Amino acid sequence: DAGITQSPRHKVTETGTPVTLRCHQTENHRYMYWYRQDPGHGLRLIHYSYGVKDTDKGEVSDGYSVSRSKTEDFLLTLESATSSQTSVYFCAISLTGTQGGYTFGSGTRLTVV
Amino acid sequence: QQPVQSPQAVILREGEDAVINCSSSKALYSVHWYRQKHGEAPVFLMILLKGGEQKGHEKISASFNEKKQQSSLYLTASQLSYSGTYFCGTEIIKGGNTPLVFGKGTRLSVIA
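In the order they appear, the protein sequences are chains A and B.
Counting in our numbering, the first sequence runs from 1034 upward without gaps.
Counting in our numbering, the second sequence runs from 3 upward without gaps.
Isolated chain B (complex conformation) (with noise of 0.2 angstroms):
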């Protein structure tokens, strides 16, 4: 039931770009994208609904293919404080009962 997340770590230069998949065995209702800093506590990015809506935020949007469960995080002209390790957290059934289910987390690292 955990989503599968790739690449499991990446390492990028600053400005480039790149993306974190989350893919899913299980139909889903909605992902929710986060970013966890080392040591400090995971931070809200983005939900996404079923619907192949695709969001952003900053340099930062994301897609969701709900036919294949998949959804994509992109990150573009990376910076510095891009660093650190990407959830993704899925829900399955709709409802705000069941919790997410996250995926082991994409490590990302922008040098200079």
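For reference, chain A alone in the conformation it holds in the complex (with noise of 0.2 angstroms):
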């Protein structure tokens, strides 16, 4: 199995602060991505990255930020929490984009309060 691991596992912050969220493989695949998983809904891409620095945003971008200074961590930052981000974030990864299939990190539980 491709190695990609997110952290925290999960997390409690309150309304208003800065949060980042941090997505780190071990294979070199060029394509990263964002999701957050929300009932009634299904995974809705937040932002992606298809190389370094090379980032774009996703149907639901609003109020997050994403950087990738190296090919192995694309970090998730919510730039001042909202009740409405509370949700499980996923991180998956991709060798050939859409060409083969996205294998997702455990995600993380994000609680805001």
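Hints in this document: simulated from the structure, not taken from any laboratory.
Any given hint might turn out to be false.
To be verified - Partner residues are not named here, just some residues of chain B that face chain A (Cβ under 10 angstroms, in silico): (1) Gln4; (2) Ser8; (3) Gly17; (4) Glu42; (5) Pro44; (6) Leu47; (7) Asn67; (8) Pro101; (9) Leu102; (10) Val103; (11) Phe104; (12) Ser111; (13) Ile113.
Stated by the list, open to error - Listed next, the in silico EDC-like pairs over lysine to aspartate or glutamate satisfying Cα-Cα at most 16 angstroms (straight line): (14) B:Lys61 <-> B:Glu18; (15) B:Lys106 <-> A:Glu1105; (16) B:Lys39 <-> A:Asp1071; (17) B:Lys106 <-> A:Glu1092; (18) B:Lys28 <-> B:Glu68.
All of these numbers come straight from a predicted model, not from anything done at the bench.
All C-beta atoms, glycine included, are put in the ideal place defined by N, C-alpha and C.
Relying on the hints, combine the two individually framed chains into one complex.
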């Protein structure tokens, strides 16, 4: 299995504070993605990256930013957390984009109080 | 743009068959299928490219009708281990830079 880890696994934070989630891969895959999963909505794309320093927005990118300074790390930052950002966040990697399957990390459960 | 999955949920007894459908309003280049067990990450099952091919994975197979922008996942002789939520992910533009758009999922429960 591809090596992909997310940290932290669980986090509780207060409204208005910045939060950074980390996705780390050891597979040297070019493509990395951040999705959020909420009941009734499935998986929705926040941001994605197709190379170092190459990122783009997904359908629910408001309030989020990302950075990818190294192939192996893709960081997701909630600039000022709100209760609507309470969710499970999944990182995914892919060697060839959509020509191959995605491998998902174990997820980060974030609660904003 | 989000594909529509049906049914939303289904309950099966062991050994029964099920079909999960995925439909898009956009022309599709490929369709992926994933299974997610409760509290775990989604796991890739298979990918279907345009051309109407059917693929198989154990007793799970899928078809893709590009003219109708539809894909179906077939689970035959279901086992308890098949329980989980199934997601289709669709690619509407050819190329590696366009991320998948996922449906809302179909919850499958297999009971003894």
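Hint check:
Nearest Cβ of chain A to the Cβ of glutamine 4 of chain B: about 7 angstroms, under the 10 angstroms cut. The hint holds. This hint is violated: serine 8 of chain B has a C-beta 13 angstroms from the nearest C-beta of chain A, more than the 10 angstroms allowed. For glycine 17 of chain B, the suggested interface contact is broken, since its CB lies about 28 angstroms from the closest CB of chain A, more than 10 angstroms. Satisfaction of the interface hint for glutamate 42 of chain B is found here, the shortest Cβ-Cβ separation to chain A being roughly 8 angstroms, below the 10 angstroms cut-off.
Interface restraint check for proline 44 of chain B: the shortest CB-CB distance to chain A comes to about 5 angstroms, inside 10 angstroms, so the restraint holds. The restraint placing leucine 47 of chain B at the interface with chain A holds, with a minimum CB-CB distance near 8 angstroms, inside the 10 angstroms limit. For asparagine 67 of chain B, the shortest C-beta to C-beta distance to chain A is roughly 19 angstroms, which exceeds 10 angstroms, and the interface hint is violated. Satisfaction of the interface hint for proline 101 of chain B is found here, the shortest Cβ-Cβ separation to chain A being roughly 5 angstroms, below the 10 angstroms cut-off.
Nearest Cβ of chain A to the Cβ of leucine 102 of chain B: about 6 angstroms, under the 10 angstroms cut. The hint holds. Interface hint at valine 103 of chain B: satisfied, since its Cβ lies 7 angstroms from the closest Cβ of chain A, which is below the 10 angstroms cut-off. Taking 10 angstroms as the C-beta cut-off, the interface hint given for phenylalanine 104 of chain B holds, the closest approach to chain A being about 4 angstroms. The beta carbon of serine 111 of chain B is not positioned within 10 angstroms of any beta carbon in chain A (closest approach about 16 angstroms), and the interface hint is therefore violated.
The criterion of a C-beta within 10 angstroms of any C-beta in chain A is not met by isoleucine 113 of chain B, whose closest approach is roughly 22 angstroms, and the hint is violated. Straight-line distance between C-alpha atoms of lysine 61 of chain B and glutamate 18 of chain B comes to about 12 angstroms, which keeps the hinted pair within the 16 angstroms bound. With a CA separation close to 29 angstroms, the supplied pair lysine 106 of chain B and glutamate 1105 of chain A exceeds the 16 angstroms bound. For the hint linking lysine 39 of chain B to aspartate 1071 of chain A, the alpha-carbon distance of about 15 angstroms falls within 16 angstroms, and the restraint holds.
A threshold of 16 angstroms between alpha carbons decides the hint, and for lysine 106 of chain B with glutamate 1092 of chain A the separation of about 14 angstroms falls inside it, so the pair holds. For the given pair, lysine 28 of chain B sits about 10 angstroms from glutamate 68 of chain B by alpha-carbon distance, which is consistent with the 16 angstroms threshold.
Hint compliance for this structure: hints 2, 3, 7, 12, 13 and 15 are not met, and every other hint is.
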